[in-house]
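Visitor: Listed below, chain by chain, are the residues.
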Amino acid sequence: MKLPDSDELERLFHAASALSTGDRAEFLKAAGPTLANAVSAMIQGARDPLWDRSAIHVEARDSAFECCPPRPGDTFGPYRIVRRIAGGGMSFVYEAARDDSEFQKRVAIKFVRQGIDDDAGIERFRGERQILAQLEHPNIARLLDGGTSADGAPYLVMEFVAGVPIDRFAMEGALSRAQRIQLFLQVCEAVQYAHSNLVVHRDIKPANILVTADGVPKLLDFGIAKLLTGGPGGETVAALTPEYASPEQVLGRSITTATDIYSLGLLLFLLLADRLPYSATSPGELVHAICEEAPVWEPRGLIDGDLESVIAVCLRKEPEKRYPSVERLADDLRRYLEGLPVSARGGALLYRTAKFVRRRKLPLAAAAVVALGSIAGIVSIVTQSRRLERRYNQVRTLAGAVLFNAYDALQDLPGSLPARRLLADSAQQNLDTLAREAAGDRQFIASLAASYRRLGDVRGGPYGPNLGDTAGALTTYRKAEALLQAAVAHDPSDVDLSFELAQTHLSVARALLRQQELEAALPLLRGTAQSLQSLQARFPKQSRYVMAVTSAYQHLSECLAFLANRNGSSSQAFEALAFAQKGLEVYQTFAPGSGMEWQEHLSAKYFSVGYRLWNVAQRTGDPSYYRQALEFHLKGQAINTALAAAYPAREGRRLADGLLTVASTRWYCCRDTSRTLAQTQQALAMFQELVNADPQNAEARRDVANTLQLRGRVLGEIGLRGEALAADREALAIYQDLRRADPTDRENDIAIAIVKPQIAALEQPPR
Amino acid sequence: MAAGPQSVTFWLRRWQEGTEGALEELTSLVYDDLRRLAARHLRAESPAHILQATALVHELYLRISPMQEIDWEGRAHFISVSAQMMRRILTDHARRRRASKRLPEPRMTFHPPDPVDILAVDRALEKLALSYPRHARIVELRFFGGLDLPAVAGVLAMSLRSVQRDWQFAKGWLKHEIAGF
Numbered sequence: 000m001k002l003p004d005s006d007e008l009e010r011l012f013h014a015a016s017a018l019s020t021g022d023r024a025e026f027l028k029a030a031g032p033t034l035a036n037a038v039s040a041m042i043q044g045a046r047d048p049l050w051d052r053s054a055i056h057v058e059a060r061d062s063a064f065e066c067c068p069p070r071p072g073d074t075f076g077p078y079r080i081v082r083r084i085a086g087g088g089m090s091f092v093y094e095a096a097r098d099d100s101e102f103q104k105r106v107a108i109k110f111v112r113q114g115i116d117d118d119a120g121i122e123r124f125r126g127e128r129q130i131l132a133q134l135e136h137p138n139i140a141r142l143l144d145g146g147t148s149a150d151g152a153p154y155l156v157m158e159f160v161a162g163v164p165i166d167r168f169a170m171e172g173a174l175s176r177a178q179r180i181q182l183f184l185q186v187c188e189a190v191q192y193a194h195s196n197l198v199v200h201r202d203i204k205p206a207n208i209l210v211t212a213d214g215v216p217k218l219l220d221f222g223i224a225k226l227l228t229g230g231p232g233g234e235t236v237a238a239l240t241p242e243y244a245s246p247e248q249v250l251g252r253s254i255t256t257a258t259d260i261y262s263l264g265l266l267l268f269l270l271l272a273d274r275l276p277y278s279a280t281s282p283g284e285l286v287h288a289i290c291e292e293a294p295v296w297e298p299r300g301l302i303d304g305d306l307e308s309v310i311a312v313c314l315r316k317e318p319e320k321r322y323p324s325v326e327r328l329a330d331d332l333r334r335y336l337e338g339l340p341v342s343a344r345g346g347a348l349l350y351r352t353a354k355f356v357r358r359r360k361l362p363l364a365a366a367a368v369v370a371l372g373s374i375a376g377i378v379s380i381v382t383q384s385r386r387l388e389r390r391y392n393q394v395r396t397l398a399g400a401v402l403f404n405a406y407d408a409l410q411d412l413p414g415s416l417p418a419r420r421l422l423a424d425s426a427q428q429n430l431d432t433l434a435r436e437a438a439g440d441r442q443f444i445a446s447l448a449a450s451y452r453r454l455g456d457v458r459g460g461p462y463g464p465n466l467g468d469t470a471g472a473l474t475t476y477r478k479a480e481a482l483l484q485a486a487v488a489h490d491p492s493d494v495d496l497s498f499e500l501a502q503t504h505l506s507v508a509r510a511l512l513r514q515q516e517l518e519a520a521l522p523l524l525r526g527t528a529q530s531l532q533s534l535q536a537r538f539p540k541q542s543r544y545v546m547a548v549t550s551a552y553q554h555l556s557e558c559l560a561f562l563a564n565r566n567g568s569s570s571q572a573f574e575a576l577a578f579a580q581k582g583l584e585v586y587q588t589f590a591p592g593s594g595m596e597w598q599e600h601l602s603a604k605y606f607s608v609g610y611r612l613w614n615v616a617q618r619t620g621d622p623s624y625y626r627q628a629l630e631f632h633l634k635g636q637a638i639n640t641a642l643a644a645a646y647p648a649r650e651g652r653r654l655a656d657g658l659l660t661v662a663s664t665r666w667y668c669c670r671d672t673s674r675t676l677a678q679t680q681q682a683l684a685m686f687q688e689l690v691n692a693d694p695q696n697a698e699a700r701r702d703v704a705n706t707l708q709l710r711g712r713v714l715g716e717i718g719l720r721g722e723a724l725a726a727d728r729e730a731l732a733i734y735q736d737l738r739r740a741d742p743t744d745r746e747n748d749i750a751i752a753i754v755k756p757q758i759a760a761l762e763q764p765p766r
Numbered sequence: 000m001a002a003g004p005q006s007v008t009f010w011l012r013r014w015q016e017g018t019e020g021a022l023e024e025l026t027s028l029v030y031d032d033l034r035r036l037a038a039r040h041l042r043a044e045s046p047a048h049i050l051q052a053t054a055l056v057h058e059l060y061l062r063i064s065p066m067q068e069i070d071w072e073g074r075a076h077f078i079s080v081s082a083q084m085m086r087r088i089l090t091d092h093a094r095r096r097r098a099s100k101r102l103p104e105p106r107m108t109f110h111p112p113d114p115v116d117i118l119a120v121d122r123a124l125e126k127l128a129l130s131y132p133r134h135a136r137i138v139e140l141r142f143f144g145g146l147d148l149p150a151v152a153g154v155l156a157m158s159l160r161s162v163q164r165d166w167q168f169a170k171g172w173l174k175h176e177i178a179g180f
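These protein sequences, in sequence, are chains A and B.
In terms of numbering that gives the first Met the number 0, the first sequence opens at residue 0 and continues consecutively.
In terms of numbering that gives the first Met the number 0, the second sequence opens at residue 0 and continues consecutively.
Keep in mind that the hints were calculated from the coordinates and are not lab data.
Just so you know, even glycine gets a beta-carbon here, dropped at the ideal spot from N, CA and C.
Among the clues, some could well be false.
To be verified - To give a feel for the contact side, a few chain B residues facing chain A, derived at Cβ under 7 Å:
1) Thr-18
2) Leu-89
3) Ile-117
4) Ala-119
5) Phe-143
6) Phe-168
7) Lys-170
8) Gly-171
To be verified - Here are the simulated distance ranges between beta carbons:
9) Ser-27(B) to Ala-206(A): 48 to 56 Å
10) Asp-748(A) to Ser-27(B): 33 to 41 Å
11) Ala-178(B) to Gly-214(A): 28 to 36 Å
12) Ala-119(B) to Thr-33(A): 47 to 55 Å
13) Ala-119(B) to Pro-522(A): 55 to 63 Å
Just chain B, with the same shape it has in the complex:
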C-alpha cells in the first residue's frame, strides 16, 4: 500500500528524515488512528472481534523501535504520548458507557460483580503517580498502551528485570488502592 500523506508510515518516514513538524503531524494522525481503533473494537464490532483486538500502541512501538535515525528520546516520547492518548480514549469510553447505562431493573436474578473497572484503575493510577511516577508510567504503557514488558523497558531505557519488579509492585499497590482496604 502506498504511504500517502495521510498515513502514519508516511510521517514516520518524514520524522525519520528529520522533517520539521513531522512529529506533530504524526501525533495527531496517531490519535486519529487510536480513536479509530477504539471505535472499531469498542463500538462497531461484535465480541467475536475482541479476539483480534490488538494494541495499536504496541504496533507503533514495533514499527518505530528499529528506526535508529530517530533518537531514543524522540521514540520514547512518542510512545509515551500514544499510551497517554489511549488511556484518555479508553477512560472516556468507559465513562460514557457508564453514564448511558440504564439502572438495572429490579430483576430477580443474582448479578455477578463487575469484573474490572477501568475508571477505578485510572483514578488509582493518578494517585500512584504522585508517589511513584516511574511505576505509574510503566502501568500506563503496559495496561493502557498494551505494550509488553520488554517494550516498556525499551521505552523507559530500563532493564527488563527492573521493569518486572516495578510492575509487580505497581499492580499490588493499585489493586490495594482500588479494593479500598
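So that you can see chain A by itself, here it is in the shape it has in the complex:
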C-alpha cells in the first residue's frame, strides 16, 4: 500500500507510538484497517536495529568479506591473522596467533557473515557461547572466545586443530575396518560428553572432524550451528549441510540428541563404505531420500550384517526409534568389535518414546551443573600454591636488605604507591649500575642476582604484596638470569651460583605461570627441577635444596595441572599428580625437623597431592579419585587443626583454607550437601573475620568470594536458587572489585569466568 503523504499520517504515527500495543490497536481502529496496518508496520520498522548503525558500517561489513577478507598480519583484538583456512558461504575461518598468549597460542577464528541484528540474538549468542566454552574434552576443539563486533558481526575463536577430515584420514591411511570403528568410537565419546552437557552438535560431518597427526579425532564447531542460526528453540535449518542433515532438520522439526545420532550413523556409513547411503543427484531427490527412502546398502559386502543393523538404527526416520543415547550406539560397536551380538540386531533395543527423552532431562541437567563446576579446579590449584608460596617466601633469605627494608616500611602506608614505584625504579637503576661492575666476583653476582629477584618480587612477584607489574617483574628476573647464566657458564662447578640460577628460573617460571604462559613455563620448570634434583642428590639433607627441589616439583605439578585443564588432557593430569607425590615423598624422606614450619610444609604437600587427585578425577571422570583426594586433604587438615590449636593467630587462615578445600572435595566426591554447607558456613565466618581485621587484605577477600562461589553452586544444585544467586552475586562483586584493584592478576578473571555462567544459569528459569 502506498502511504498517504499527509500530516495526518505523522500525527497518527506519533500518537500510536506513545501507546501500548493493545491500546494502539484500539486507537488505530478509527483510522481504518489499511492505515492501521501501515502505521503498525511503521512503528515496528522504526525499531529495526538497522538504523542503529550508519551506512558506512553496513556497507563495510557487507563488502569486507566479499572483496577484502582479513589478511595475514591483520590483528583482531589480541589475535593476529596468520592465514585463511576455509571460507565461503556463511563464514570464513582463519588461523591466528594470540600475541599475548594468555590462553593459547594458535587459534582458529571464524567470522560469520550473517549479522545478529537484535539484542535478544546477541544475548542468546553470548549465553550459548558460555555453555560451549565449558565443553572440555580431548576430542573436542575448544571454543575459547568470541563475541560480536560493534556492527553485530559475530566471531568465534576456537582451538586450532591441525589435521585432516576423518574420511580422508581413513582413506589415505588405508585404515582397517576395526581401526575405522575405533576412530569412530572416539568421536562417539566426544558427542556423548557434549550430550551429557546438554549440547547437541547439529552438524556432524567429516569436514567438522579433523584427525591430528597422532590419530586423535577432534570435533569442530560443536553447537555452532545453533549458536549462529538457531532461534530460542533451535529449529532453524539455515546453513546446515543437506547431505548430512537428518529428516527432522530437513523438515524443520525440533532437534535433539537423536539428530546427532543420525549424523553419526551417516558418518559410520561413510567411513565403512567411503560414500553416503544416498543415490540422489539433485537437492530435491536428496530431500526425498533423507525423509522417505531407506539407506542404499548396495553393493553388499562393504558393510556386514551387524554393522548394517547398527547403522540402520541410527538412520531411522523417527528420532525416537534411533539409539536412545550415543553410549548405546558405542556399546553396540564395542560388542561388534569383540564379536558379540549387537543389540540393534536382536531387537533387544528398546524403542524409546518421547516420554523417555523427557524423563532423561533431569539427570542430564544435573550432569550439566557438575560440568559447570569443572574449572573450579583451576581456582583450587591457584589457592593452594599461593599458600605454599607464602611459606617459602618467609624462609627465603633476602638480599639488598637496606633498600627493601625501606620499601617494606613504605608498604603499609596508605597512598605510598608512587613512592614505592620510585623506590623500585631507583633500586633497578642502582642494580643495573652495579651489574655493569659485577664481572668476575661470584659472591657479588650471587647477591646481585638475589637482589634482582627480590626487586622482581616487589614489582610483580606472584604471591607476595607487589606493585602489580608482572611484565616488569619478568624483565627484572631475566636480568638476574642473564648474570647467573654467564657466571655458571664460566664455572659450572660453582654450586652456589647454580643454585641461585635455579632459584631465579623458579621466579621466572612463577611469573610465567601467573601470566598463564604455560608452554613457556613448562620446559623451564622441567629443566630446573632436574638440576635441583641433582643438587639435592649431592647434598641430600641440606634443607635449602630440599625446599627448592620440592618447590620446583610443586610448580611443575601446578603448571601441568593448568595444562591438563586447558588441553583436557588426562595424561598431563596424571603427570601433575606424579610430581606432587614426588614432592611429598622427597619432603617426608629428606626434610629435617618436626617443628611448626615443617608441619606447615607437610600439610601443604598433602593438600597438593589432594588437588592433583581432584584434577585427575575431573580429567578422567573417575569419581574414585575424589575419594582419594579427600583422604589427602583430611590428612593435611588434621595437621592444620593441630597447628591452629597451638598457634591460633598465625594458623587461622590455613585452617580456614583447609576447611574450604575439604568441604568442596567432600561435595565433589560424596555430594554431602548438609556437611558441605555447614563447613563452608564455618569457613566463611573465619575468612570474614580475617577481612574484618584487615579490610585491605585482598587474599582474605578472595577467600570469602571463593567460599561464596562454592556455596552458590551447592545451593543451586539443591534447588535453592534465590540463595544461590545471592551468594554468587556477592562473590562476583568481590572478584570484580579485586580485579579493579589489580587488573593484571589473572586469578580474578578466571574466577569471574567461572561465577558468571553460574549466575546466568541461575537467572534462567529452571527447565
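Here the structure of chain A is known, so what remains is to put chain B in place on it, guided by the hints.
Guide: Quick look at chain B alone, frame taken from chain A:
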C-alpha cells in the same frame, strides 16, 4: 602535525578567517578525505577494522561546531554537503559491489536473506524527500553522514526532541517503503 595546505585543518582555519574560496577548497578536500575513508573501510581492510570505522562527517562536525567565527549557515551547509557526498560514495560502492557480484552458484546450502540493503534505503530516501524533505535531511545526516542525533539537531537548528520525533517517523516510513507493503 603541521597543518599544510593539503590538510583539512589548514583550510578550516582559512575558512574561519574568512579567506575567499576556502569553503570550496575545503569541500573538495573533504570529498577526497571521505573517499579515502571509504576506501580504507570498504576496500583495503579486514572485517577487524570495521570495529574502528568512524564516520568522518561526524568528526568534521565535532571539529567545526565550536568555531564561532563561522556562521551557523556556513557550518550547516558544509556538513550537509559532506553527508550528501558520503551518501553518494556509499551508494556508488554498493552499486559497484552488486554489479561485480557473481551469481550465486546453485549450492545446496540455505542462504540467509541479505540483512541490509543500502541501495534500497537510498531509493526510499529519494521518495521520502518528496513529501518530507526535513525528515529526509535528518536521515541523510544520521544514516549516511553518521552524525548522532544531537549533532543533527545542531546542524538543522532544531530541538533534539523534534529531531528524535522526525527520525522515528522517517525510520518507520522508510522501512515501510522498503518492505513494499
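Visitor: Indicate, hint by hint, whether the structure satisfies it.
Guide: Do the hints match the structure? See the list:
no.	hint	verdict
1	Thr-18	violated, 31 Å
2	Leu-89	holds, 5 Å
3	Ile-117	holds, 5 Å
4	Ala-119	violated, 10 Å
5	Phe-143	holds, 5 Å
6	Phe-168	holds, 5 Å
7	Lys-170	holds, 4 Å
8	Gly-171	holds, 3 Å
9	Ser-27(B) to Ala-206(A): 48 to 56 Å	holds, 52 Å
10	Asp-748(A) to Ser-27(B): 33 to 41 Å	violated, 50 Å
11	Ala-178(B) to Gly-214(A): 28 to 36 Å	violated, 54 Å
12	Ala-119(B) to Thr-33(A): 47 to 55 Å	violated, 23 Å
13	Ala-119(B) to Pro-522(A): 55 to 63 Å	holds, 59 Å
Of the hints listed earlier, those the structure fails to meet are numbers 1, 4, 10, 11, 12, in rising order.
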